[in-house]
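**Q** Turn these sequences into a full structure, and let the hints guide you.
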Amino acid sequence: MLPITTGVFPFGLVMGTVYIHAQIPNYEALAMNVLVFGGSSQLAVIDLMLQKSSILIVIATGLIINLRFMLYSAAFSDYVQNSNVWIKLFCTYGLTDQTYAVLKAYEHKLSSQQEVVSFYMGSALCMLLAWHGSVLVGFIFGNFLPISISLDYAIPLSFVALVLPTLKNKTYFYVALMAALTAIVLKPLPYNLGLLVSALIALGFAAFLTRNSNRDQKPKSLKTEAELEFKLNVDLESHKPEGL
Amino acid sequence: MIESTYFWTTTVFLGIGTFLIRGLFIFLSSKIKISERTKEILSFIPASILPAMVSPMVFYHQGEVGLLCHKERLVILILAVVFCYFVRNMLLTLGFGLGLLFLLTQI
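These protein sequence lines are chains G and Z, in that order.
For the first sequence, numbering that gives the first Met the number 0 gives the first residue as 0, with consecutive numbering after it.
For the second sequence, numbering that gives the first Met the number 0 gives the first residue as 0, with consecutive numbering after it.
Hints should not be assumed to be uniformly reliable.
Label pairs and their computed distance ranges (CB to CB) [to be verified]:
hint : chain 1 : residue 1 : chain 2 : residue 2 : range
1    : Z       : 78        : G       : 49        : 21 to 31 angstroms
2    : Z       : 101       : G       : 196       : 28 to 38 angstroms
3    : G       : 20        : Z       : 58        : 14 to 24 angstroms
4    : G       : 188       : Z       : 69        : 17 to 27 angstroms
5    : Z       : 19        : G       : 77        : 13 to 23 angstroms
6    : G       : 187       : Z       : 32        : 35 to 45 angstroms
With a Cα cut of at most 20 angstroms, we get these calculated PhoX-like pairs of lysine-lysine [stated by the list, open to error]:
hint : chain 1 : residue 1 : chain 2 : residue 2
7    : Z       : 38        : G       : 167
8    : Z       : 70        : G       : 87
9    : G       : 186       : G       : 103
10   : G       : 51        : G       : 169
11   : G       : 186       : Z       : 30
12   : G       : 169       : G       : 186
13   : Z       : 30        : G       : 87
14   : Z       : 70        : G       : 103
15   : Z       : 38        : G       : 169
Just so you have them, the derived chain Z footprint on chain G, three or more residues with Cβ under 8 angstroms [unchecked claim]:
hint : region
16   : 58-71
17   : 76-84
18   : 150-157
19   : 175-188
None of these hints come from the bench; they were simulated from the model.
This structure is a prediction, so every number in the text was calculated from the model and none was measured.
Where a beta carbon is used, it is the ideal one built from N, C-alpha and C, also for glycine.
**A** Here is the structure:
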């Protein structure tokens, strides 16, 4: 389980120091960490709140970032169909990039639905401890670091390290580039709408680039439905984000 | 300083919204199915949002190093992307970027 938490520790440290820099009281920081439990969305909304953006835009931006969990939820849903509501609730809460990635990596070794659920719950618990622990460490030691180390610069750096492993082919790279450039151009938009609009443009661009991926391929190469299904599953499995 | 009501409203709505997103298919999987096409588009979310957050943050930042037209953060970020591409490690990337920025601004 240790390997999945190593990516979380530095991110949690950054999160903890950001709470300090934004002068967020400890009970508020704790509440956000527990209620949201999604690091990149937390960093994004804190940044937007510091710029006093409209609350609707802050919430919408945070939710868009977390929309990727829908993908994991869909992939995981088959395993918990027969579990009771408490297990489902815990699995829902513990769904993160890391728990999803580690489940994908090990699911072929697990023989029953029960085993998959137990494995998943173990990794979710591990992630919970690692996340809150590292945020706490960042929160405590953020105060002691010298001001000459520009800690706010850790945010863009950690996002670079989060997004790079998800760019599994050229299409993802082009989408990322599109997002970066549009956001620079759209920065002057009122109410900090720039981020939201550029993300949606980039997502639309992604849909455009992949428009032929599973509809037109079939008549061209006369692939069977099963083959296509298999290809897509392989593609999805190779997608292992490391961020939270 | 973030105003308290503003913070709590955001946190509560973001928390509930995120929980609903996470739980949607876990609780309703028997009633709704997500298409492969939707899954494919959802997999692009990190690539469409994270770069959009990072780029204005460093592009519009006015730094201190005249030699780099006060854009040392932008220059270091581009180097950090290349560095991270090879090492694939967040801690090392953070050390590389923060260290380089420290060297450039303090010396």
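**Q** With reference to the structure, classify each hint as holding or not holding.
**A** Status of the hints after comparison with the structure:
1. Between residue 78 of chain Z and residue 49 of chain G the Cβ separation comes to about 27 angstroms, which falls inside the hinted range of 21 to 31 angstroms.
2. Our hint of 28 to 38 angstroms for residue 101 of chain Z and residue 196 of chain G holds, since their Cβ atoms are close to 34 angstroms apart.
3. The hinted range of 14 to 24 angstroms is satisfied by residue 20 of chain G and residue 58 of chain Z, whose Cβ atoms lie roughly 21 angstroms apart.
4. In this structure the hint that residue 188 of chain G and residue 69 of chain Z lie 17 to 27 angstroms apart at CB holds, the actual value being about 24 angstroms.
5. The hinted window of 13 to 23 angstroms between residue 19 of chain Z and residue 77 of chain G holds, with their beta carbons roughly 20 angstroms apart.
6. For residue 187 of chain G and residue 32 of chain Z, the hinted distance range of 35 to 45 angstroms is satisfied, since their beta carbons lie about 42 angstroms from each other.
7. Of the pairs offered as hints, the one joining residue 38 of chain Z and residue 167 of chain G holds, with about 15 angstroms between alpha carbons and a cut-off of 20 angstroms not exceeded.
8. Proposed proximity of residue 70 of chain Z and residue 87 of chain G is contradicted: the alpha carbons are some 48 angstroms apart, above 20 angstroms.
9. A C-alpha spacing of about 37 angstroms is found between residue 186 of chain G and residue 103 of chain G, which places the hinted pair above 20 angstroms, so the restraint is violated.
10. The hinted pair formed by residue 51 of chain G and residue 169 of chain G fails the criterion: a straight-line CA distance of about 36 angstroms is larger than 20 angstroms.
11. Restraint check for residue 186 of chain G and residue 30 of chain Z: not satisfied, since their Cα atoms lie roughly 41 angstroms apart, outside the 20 angstroms limit.
12. Between residue 169 of chain G and residue 186 of chain G the alpha-carbon distance is near 26 angstroms, which puts this suggested pair outside the 20 angstroms criterion.
13. For a cut-off of 20 angstroms, the pair hint linking residue 30 of chain Z to residue 87 of chain G stands: about 16 angstroms separates their Cα positions.
14. A hinted pair counts as satisfied when its Cα atoms are at most 20 angstroms apart, and residue 70 of chain Z with residue 103 of chain G does not qualify at roughly 41 angstroms.
15. Restraint check for residue 38 of chain Z and residue 169 of chain G: the C-alpha separation of about 18 angstroms stays at or below 20 angstroms, so the hint holds.
16. Residues of the region 58-71 of chain G with a Cβ under 8 angstroms from some Cβ of chain Z number 12, which satisfies the need for three, so the listed coverage holds.
17. Coverage of a stretch by a chain is defined here by at least three residues with a beta carbon nearer than 8 angstroms to that chain's beta carbons; for the region 76-84 of chain G and chain Z the count is 4, and the condition holds.
18. For the region 150-157 of chain G, the stated coverage by chain Z holds: 7 residues have a C-beta nearer than 8 angstroms to a C-beta of that chain, and at least 3 were required.
19. For a cut-off of 8 angstroms, the count of residues in the region 175-188 of chain G with a CB near a CB of chain Z stands at 10, and the three-residue condition holds.
Comparing the model with each numbered hint stated earlier shows that hints 8, 9, 10, 11, 12, 14 do not hold.
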